[in-house]
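Novice: So the chains spell out like this:
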Amino acid sequence: LAKTTQPISMDSYEGQEVNITCSHNNIATNDYITWYQQFPSQGPRFIIQGYKTKVTNEVASLFIPADRKSSTLSLPRVSLSDTAVYYCLVGDPHNTDKLIFGTGTRLQVFP
Amino acid sequence: NAGVTQTPKFQVLKTGQSMTLQCAQDMNHEYMSWYRQDPGMGLRLIHYSVGAGITDQGEVPNGYNVSRSTTEDFPLRLLSAAPSQTSVYFCASQSLARVTYGYTFGSGTRLTVV
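From first to last, the protein sequence lines are chains F and H.
Numbering follows my numbering, with no gaps: position 87 of the first sequence is 87.
Numbering follows my numbering, with no gaps: position 34 of the second sequence is 34.
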């Protein structure tokens, strides 16, 4: 099965940029990397998805190096409302339809 | 635009009882899946489906059955509930197109087995 590794937790202050890295050493050649945000008692919410290099949308950027063995979610100028758990998601390298979540990173933003 | 609808939102079962968690989506997504999330933990894949009539096992399939007779519906059946199945269950769907907006999740079913 796919195995992704993320830091368990991170702390930040409002206004700072936060970078969360996910390691996915055995990602399949044709697989995408997707990141989600989850608040307590809610289902995860899609943030951003990418295949290689850099992707940016209105809430985040995703950096993927050439070897694609890791990815970094960048949240610019976080606010208190960004306190949540962040997950990366990739497919099983032998079956990319089997989508496995990482353990998640609990981000705490302080005033 | 309802998205992914899960019912019920809460359920208490006695050990050994069976029940079906319902999941329906109205986005014509080919891919649907079920995850469970234990308190303070991440999401684990139970079963998934890439289209009507096709299902496959995820990470933790034991004790659960699924079927996919239509594109819209993907029910999860607990065969004989056990306390270890106490968890929050999330259904999710997404398009199979390579560039997508990822999963849309339902609001979850909180199941307690006593």
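Since the hints were derived computationally from the structure, they do not count as laboratory data.
Since the model is a prediction, treat every value here as computed from it, not as a measurement.
You may find that some hints are simply not true.
[Stated by the list, open to error] Across the chosen pairs, the derived CB separations fall in these ranges:
1. H/Gly63 / F/Lys54: 26 to 32 Å
2. H/Val114 / F/Pro76: 28 to 34 Å
3. F/Phe110 / H/Gly16: 45 to 51 Å
4. H/Arg44 / F/Thr83: 20 to 26 Å
5. F/Thr21 / H/Glu30: 29 to 35 Å
6. H/Gly16 / F/Asn30: 40 to 46 Å
[To be verified] Short derived list, chain H residues pointing at chain F, Cβ under 7 Å:
7. Leu43
8. Gly51
9. Gly63
10. Tyr64
11. Phe90
12. Gly102
Don't be surprised by glycine CBs; every beta carbon is placed ideally from N, CA and C.
Novice: Against this structure, judge whether each hint is valid.
Specialist: Evaluated hints:
no.	hint	result
1	H/Gly63 / F/Lys54: 26 to 32 Å	violated (42 Å)
2	H/Val114 / F/Pro76: 28 to 34 Å	violated (46 Å)
3	F/Phe110 / H/Gly16: 45 to 51 Å	holds (47 Å)
4	H/Arg44 / F/Thr83: 20 to 26 Å	holds (24 Å)
5	F/Thr21 / H/Glu30: 29 to 35 Å	holds (31 Å)
6	H/Gly16 / F/Asn30: 40 to 46 Å	holds (44 Å)
7	Leu43	holds (4 Å)
8	Gly51	violated (10 Å)
9	Gly63	violated (18 Å)
10	Tyr64	violated (15 Å)
11	Phe90	holds (5 Å)
12	Gly102	holds (4 Å)
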